[in-house]
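2 protein chains.
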Amino acid sequence: MALSREKILSTAFDLLKQYGLADLSMRRLATELEVAPGALYYHVKNKQQLLASLASRMVAEVEFRGPSPAKALEFGCLELFRQLSQVREAAEVIRLALAVAPESLRFVREAARLFEQLVDEVQDGASGGSPAAGQLAATMLLHVCVSFLEEEQTRALLAGVTIAEQAPSSYIAAVQASIAGWSG
Amino acid sequence: MALSREKILSTAFDLLKQYGLADLSMRRLATELEVAPGALYYHVKNKQQLLASLASRMVAEVEFRGPSPAKALEFGCLELFRQLSQVREAAEVIRLALAVAPESLRFVREAARLFEQLVDEVQDGASGGSPAAGQLAATMLLHVCVSFLEEEQTRALLAGVTIAEQAPSSYIAAVQASIAGWSG
DNA sequence: ACCTGAACACCGTTCAAGT
DNA sequence: ACCTGAACACCGTTCAAGT
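Chains W and S, in that order, give the protein sequences. Numbers 0 to 183, taken from numbering that gives the first Met the number 0, label the letters of the first sequence in order. Numbers 0 to 183, taken from numbering that gives the first Met the number 0, label the letters of the second sequence in order.
In case anyone wonders, no lab produced these hints; they're calculated from the structure. Each hint should be verified, as a subset may be incorrect.
Said to hold, decoys possible - No farther apart than 27 Å at their CA atoms in a straight line, the calculated lysine-lysine pairs in the DSSO-like style are these:
id : chain 1 : residue 1 : chain 2 : residue 2
1  : S       : Lys46     : W       : Lys16
2  : W       : Lys46     : S       : Lys16
3  : W       : Lys46     : S       : Lys46
Computed from a prediction, not measured in an experiment: that's the story for all the values here.
Sequences and hints are given; from them, build the entire structure.
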């Protein structure tokens, strides 16, 4: 089968899950795909862009559902934890994308929208929270989520146990604090 | 002058400030110090430990002062911004230390103590917030601070301007939200 | 005790040349 | 259009040998 951007991305994802970020090199990826290193650069611009695309894919399926903006945000964060818990070094990859192009992440766009609704609701005038503030809150929330996820993953690694898919109470507390702090 | 751990650390700090993390390699550092690369390993265990020590030094002088725990925390975060604003890639270096050994950072220990006081105050019984919760809140706060600092630094870099030492309102809002969310 | 020289096992990226 | 081969300019870390 010929090389393709899609094939590169999915193999990179497998490598990340199995061996971690340190072993996800362009050369290792090329070896895995049985091509020369240079071949990759015909399909992706560079390693940074590849990792940003990987981040998008990692959070692409997270959905926000709930009776209120606050509940939907909380739900989305729990979904996020479930989907990233088994992905080694998910935090670093997400942060890279957050630094380079936050709006490229569906999670950020959705969460920003919900934060704006949340502020509208609390202030219950209609003038509305500014979109900039919404995006700020959304990136903060994602930063908090991945930081706590990372802490749990590190803990699990050191303890030699597999991490639960269900987010621990400390994670939930941090998420609720972040949401509450923003809508107060 | 003979090589020493101290000299290595301060030169590494200079390199970080001037050229950024990507150019802070063990080999570059050795060249700057006019020694062979291997010489460094007589004084530091490895690059990771060197960066963790650098992180400690970067936040060592931040002090928390104010009439209440909440105000002191806010003050400390503003101090943090001032002290890190001119340090390129401060965020990445701090996060590394947070992942490896959070309690090695004075900032985390102090903030944890203040969060415990804060919770005691609000609940105004004396039984006390657990130390684990305090440290959790402290690491979250530091994660939020460096994430927002990073965002400002990136923005300034793209705009081609030098970042202000005074924290912007978005930073202050994020800090207040984090503190408020935890004491609610 | 402290440092050098040299090696080992890697990196990301580019680019002429081939098919 | 797509890929190889080979190079360029680097990495972190180790370790025998020297002073």
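Evaluation of the provided hints:
1. S:Lys46 with W:Lys16: holds (25 Å)
2. W:Lys46 with S:Lys16: Distance ~25 Å between Lys46 of chain W and Lys16 of chain S Cα, so the pair holds.
3. W:Lys46 with S:Lys46: Holds, at about 22 Å.
Taken one by one, the earlier hints all hold for this structure without exception.
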